[in-house]
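Q: Every letter in the sequence shown is one number past the one before it in UniProt numbering, and letter 10, counting from 1, is 10.
Simulated from the structure, these hints should not be mistaken for lab results.
Hints may contain errors.
Distance ranges between label pairs, derived from CB positions [to be verified]:
#1 Arg353 - Ala235: 45 to 51 Å
#2 Glu212 - Thr249: 38 to 44 Å
#3 Gly319 - Gly71: 43 to 49 Å
#4 Gly319 - Ile161: 41 to 47 Å
#5 Asp218 - Phe156: 37 to 43 Å
#6 Gly214 - Gly160: 33 to 39 Å
#7 Leu191 - Thr249: 39 to 45 Å
These figures come from a predicted structure and were not determined experimentally.
Idealized CB from N, CA, C, for every residue including glycine.
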Amino acid sequence: MSTSTTAPRLRLLDGTRFIAALGILLYHYTARYPSQIEDFGWFSHVATYGALLVYSFFIISGFVILMTTWGRDLPSYIASRVGRLYPAYWAAVLIAGFIVLVLRPSFPGEPWRDIGWEDWALNFTMLQQAFEAKNLDGVYWTLYVELKFYLLIGIFLLIGITRERVLAFALLWPLLGAWAKSSDSALLVELLMPNQAPLFAFGMVLYLVHRERGFRVDTALALGMNVAFIAYRSAEAFTPFMDRTDEITPHRGLVTVVILATAFAMWAFSCTRLQYVRWGWLTTAGALTYPLYLVHERLGWYVIELLRDHGWAAWPAVGGAVVVVAIATVALYRWVDKPFSGHFRRVIERQLRREVAPRSKGA
């Protein structure tokens, strides 16, 4: 069996990320709070499952981060992750901070009334949850999860990434996460992320399948085990999460089906002939996903509230919010993400290499 170390651009994965962001947007605008459910009726019962699409980001990250890290050194890896995440995030924190702390709208539920300037300042680090500070925007919790995954991969990179080690890691990580949860060790749970570990691990093994152009016995077993872990977490963690945040009680079986269908789609888009789809607009959509994800919640809710106060009906108000958020997304990508991410990455990588070089000579 031939092994390919170079991969084509997986455009359908780009499109999947964008579709997932749109599903999360609809969930936030139509199904997150009781007042929205009163406005949108049956649609809220459908849109509530859009909350589950956030888990597709973790599967894609497991795949993409392993793919882009393989063969890199640590300075290049750190610079690429910092450059990718922070410029657009900082701009989004400024926007959310202005809305929440200056405009002070009365969002549904109003939990952010307790957010202060000190929370806003700490949000710039993306580490606010580690200090038990409040997220300025609800979606930031996923970025903290991603950061912890990046830390684990950084440690993995220092040890050395090989096929056998990836398989061992993808099998042991979910098991250790489950053990940490049963041991009631808050530190281990924080680091090992038992709820998200099978999703990241599934994506990592999926990259091996993609890289090797097909299944082997060990990769098939590793994928199967992580599918079982994901199915278990669907009932044990993902469904209760939706119960806590919604007035709608989700169907446990349907939650499992949605998440497993997402995992199946990731396999189809990366390991079958669908990986060769070359629709360029999908890559553009993928590039807009991160800015859209960052700005849609607070900005969208503010626009909806403003329009409803001026007599707009529910659906037109959502449409107005989508238009404003789309403009903000393109602006954030065009004037922040695109020009600054690459520059920031290069500056950080040069600095890291300057720090490493003298130590290497001294050694």
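Q: Can you give the numbers of the hints that this structure goes against, from lowest to highest?
A: 5, 6, 7
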